[in-house]
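Student: If you want the building blocks of each chain, they are given just below.
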Amino acid sequence: MLRYEVRMSPAATPVRRQLHTPPVDPSPFPHHPGSLLSASDLSLEGVSHILDRATALENMDPLLRDRILAKRRVALLFYESSTRTRTSFELAAKSLGADTALVSSLSSSIEKGESLKDTGLTLRALGAETIILRHNSSGAAWLLEAETRLPILNAGDGMHEHPTQALLDLRTILAHLRAGLTTVTAETLAGVTVMIVGDILHSRVARSNMLLLPRMGARVLLCGPKELLPELAAAAGPGITVERDLEAALRQSQVVMMLRIQAERLAGLQLDLDEYKAKYQLTGPRLATHAPRALVLHPGPIIRGLEITAGVADGSQSAILEQVRNGVAIRMAVVERALSAAPKQGGRA
Amino acid sequence: MTALVIRGGRLIDPAAGVDALKDILLKDGRVAEIAAPGKLKPANGGIEAEPAVLDATGLVLAPGLIDMHVHLREPGQGYKETIATGTAAAAAGGFTAVAAMPNTTPVNDSPEITRWMQSPERGAVVRVFPIAAATRGSKGEALNDYAALKSAGAVAVTDDGRPILKDNIMRETLVAAARVGLSVIQHAEDTRLTQGASMNLGPMSFKLGLRGMPPQAESGMVERDIRLVTDLRDTRVHLHVAHTSTAAALAAVRQARRSGLRVTCEVTPHHFLLTDEHVGFYNTNAKMNPPLRSAADRDAMIEAILDGLVDAIATDHAPHAVHEKEVEFDNAPNGITGLETALGLCLRWLHAEWKLPLGRVLSLLSAQPAALLGLKGRGTLAVGSFGDVVVFDPKAEWTYNARETKSKSRNTPFDGWTLQGKIRWTISEGRIAYASPA
Chain L
1 MLRYEVRMSP AATPVRRQLH TPPVDPSPFP HHPGSLLSAS DLSLEGVSHI
51 LDRATALENM DPLLRDRILA KRRVALLFYE SSTRTRTSFE LAAKSLGADT
101 ALVSSLSSSI EKGESLKDTG LTLRALGAET IILRHNSSGA AWLLEAETRL
151 PILNAGDGMH EHPTQALLDL RTILAHLRAG LTTVTAETLA GVTVMIVGDI
201 LHSRVARSNM LLLPRMGARV LLCGPKELLP ELAAAAGPGI TVERDLEAAL
251 RQSQVVMMLR IQAERLAGLQ LDLDEYKAKY QLTGPRLATH APRALVLHPG
301 PIIRGLEITA GVADGSQSAI LEQVRNGVAI RMAVVERALS AAPKQGGRA
Chain V
1 MTALVIRGGR LIDPAAGVDA LKDILLKDGR VAEIAAPGKL KPANGGIEAE
51 PAVLDATGLV LAPGLIDMHV HLREPGQGYK ETIATGTAAA AAGGFTAVAA
101 MPNTTPVNDS PEITRWMQSP ERGAVVRVFP IAAATRGSKG EALNDYAALK
151 SAGAVAVTDD GRPILKDNIM RETLVAAARV GLSVIQHAED TRLTQGASMN
201 LGPMSFKLGL RGMPPQAESG MVERDIRLVT DLRDTRVHLH VAHTSTAAAL
251 AAVRQARRSG LRVTCEVTPH HFLLTDEHVG FYNTNAKMNP PLRSAADRDA
301 MIEAILDGLV DAIATDHAPH AVHEKEVEFD NAPNGITGLE TALGLCLRWL
351 HAEWKLPLGR VLSLLSAQPA ALLGLKGRGT LAVGSFGDVV VFDPKAEWTY
401 NARETKSKSR NTPFDGWTLQ GKIRWTISEG RIAYASPA
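Chains as they are written, first to last, in my numbering: chain L, 1 to 349; chain V, 1 to 438.
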């Protein structure tokens, strides 16, 4: 809606009119109910279901679990390097009995110029029933879903989202702060402040967490220098605040999520690393003084001595390796969901 | 040459101050006679045979529309569009003249290419006016020979798609173009601020994880250009700001006009209708440069059109092949098609919704761009003018289907939109260039 003044003549009183402008169409995504493109695709029931299944699958006899997706075909399509995400998705799919095929950009026809669309259609023709995509372009998972209509699991798209990371972070937080609760509501994390520190601008982990955690009542506090944390980040959703001062943020937080500086995405941005460390490095003394009981998280890879000291990473407050373990459980649940949801009516097979 | 009579329509010719029921006779490509309904005397025009008659009862006839900013992709990118297909789309949209930007392959920086584009062999169905490159290869370094380009038919100079960044080159361009009576059209973008960016900088770009173009990249360049024009103190200098998209750039143009400078601007339908929210989830048919901006910027476009600051509506018709747009958002080329939707969008929104009088809508799409480019005998239907006419039903609503386009490409965000104003005939210099399926 537009408000503007009609100026009849310099002397005339301005008449305020409200003008109707073209609306924005509702999003057609996800096309497939098994897709997980964004953390905001999930209802709170959907989140609860995934958390619930993650625990159930984790506790299941591996020989029984092996039959759940026996011989189903899962493709992993990776345009960027990855250790945790790729391995945990692969282990998750395999432990449910699925056959997995890994395609990475450096050892495939992608090197010869094959487009994402054609790569996706080829994987579908090869029998892939779901594609797990890691891509350096924001939005790549949306494109792949639109073109293949398969259930697509977004394993990180550029600077945009990494929804399974947010889910495994949530599982880690619930394990420590809510005794492993798996049914979440809009109040589950009321009174909890989660601070995310560092390179917010380039972080898909931050964006997915910013979308997911406030829906359960958590407050998200973003912390970092202007170059890596624009003021407008606070407008990305409800429950998000910017706090530039690390120690002030620590004092308010029950969870401290540290991020790596993404050198590969800085695009010419010059950053004084010594200054960065002085202001934003999570050190033992800082943690002990300002947040002695907070849970320390990091999506990895960690750069010891830059955003976090070795002592903190290996310390008693750190749940970094627990996050990695939770990744396998969450991804089992997400892969199971992808292959058990029925496609929408009217969609292409 | 055959003659053509258009009978019973409501003639709206803003430049001539006409809005009345008139019959009109076109002969030898020109307007031969205008008369009250039934009062035409074709015999006075020296016509022996009975002229063909078009019945325009209930329809509006107006000067053919003029789009001062299109990309016809020839020479060199015929898979996106050709001059033949681009002008067919223009005719279907009511346009009888289009000004073709020089970012072709090779760049149109020579009289040879300028003439080649106008050659009858290109198969244009409406008139094509080339706009030549301001600098060699549009590299922003060395000026072209504007006198030679003008005599080959160029109607303005620009490095569109790129700005002329260097102050001294832009100053020399303004001076040299003014000397031969050509306008300088600037694609205002400080490319030092837009490296790697693919949409407007704002909450949406942050949300989508895309690098953003700050509004200052446009307004800063417009302000720089206006400073240069101010310093030149030469009334012949004409700076035209292409596809204005930010409130700050409009404010700079407004200020320049108050100071009496010859600074003009155009706005595209997509910039006065859409915002960066319309990018949705990476719709590459909503990716163009300048990008869709904030709601406040969009609202400023509407306001400036309604209050008369904006000089012309241009489409920036920029066809791209389907496969080029079916890619990751940051890898997709900039640009959308626009020739077939411009009038329908203007009538649906500017006229029907926001109450801009029909005559003013038509003036923004014909008389004013004709004046900006110095196209003599166009943009009006006064007797003696070219017989460029658009005949349309101003009330008819219809749905745009991009698959039925006459263009080679269909990269439009307006597919499926309800438009107003159905074109019946487009007549280019007395010949029917487009007739709607009956």
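Certain hints may be false.
[To be verified] Heads up, simulated BS3-like pairs for lysine-lysine below, C-alpha to C-alpha not over 25 Å straight-line:
1. V:Lys139 x V:Lys150
2. L:Lys112 x V:Lys325
3. V:Lys355 x V:Lys422
4. V:Lys150 x V:Lys166
5. V:Lys325 x L:Lys117
6. V:Lys27 x V:Lys41
[Claimed, not checked] Just a few of them, taken from the derived set where beta-carbon distance is under 8 Å, the chain L residues facing chain V:
7. Phe29
8. Pro33
9. Leu116
10. Trp142
11. Leu143
12. Pro238
13. Gly239
14. Ile240
No lab work stands behind these hints, which were simulated from the structure alone.
This one's a predicted model, so the numbers in the text were calculated from it and none came from an experiment.
C-beta: ideal position from N, C-alpha, C; glycine also.
Student: Against this structure, judge whether each hint is valid.
Tutor: Verification of the hints:
no.	hint	verdict
1	V:Lys139 x V:Lys150	20 Å, holds
2	L:Lys112 x V:Lys325	19 Å, holds
3	V:Lys355 x V:Lys422	18 Å, holds
4	V:Lys150 x V:Lys166	24 Å, holds
5	V:Lys325 x L:Lys117	11 Å, holds
6	V:Lys27 x V:Lys41	13 Å, holds
7	Phe29	5 Å, holds
8	Pro33	16 Å, violated
9	Leu116	6 Å, holds
10	Trp142	5 Å, holds
11	Leu143	6 Å, holds
12	Pro238	13 Å, violated
13	Gly239	15 Å, violated
14	Ile240	11 Å, violated
This entry does not satisfy hints 8, 12, 13, 14, going by the numbered hints stated previously.
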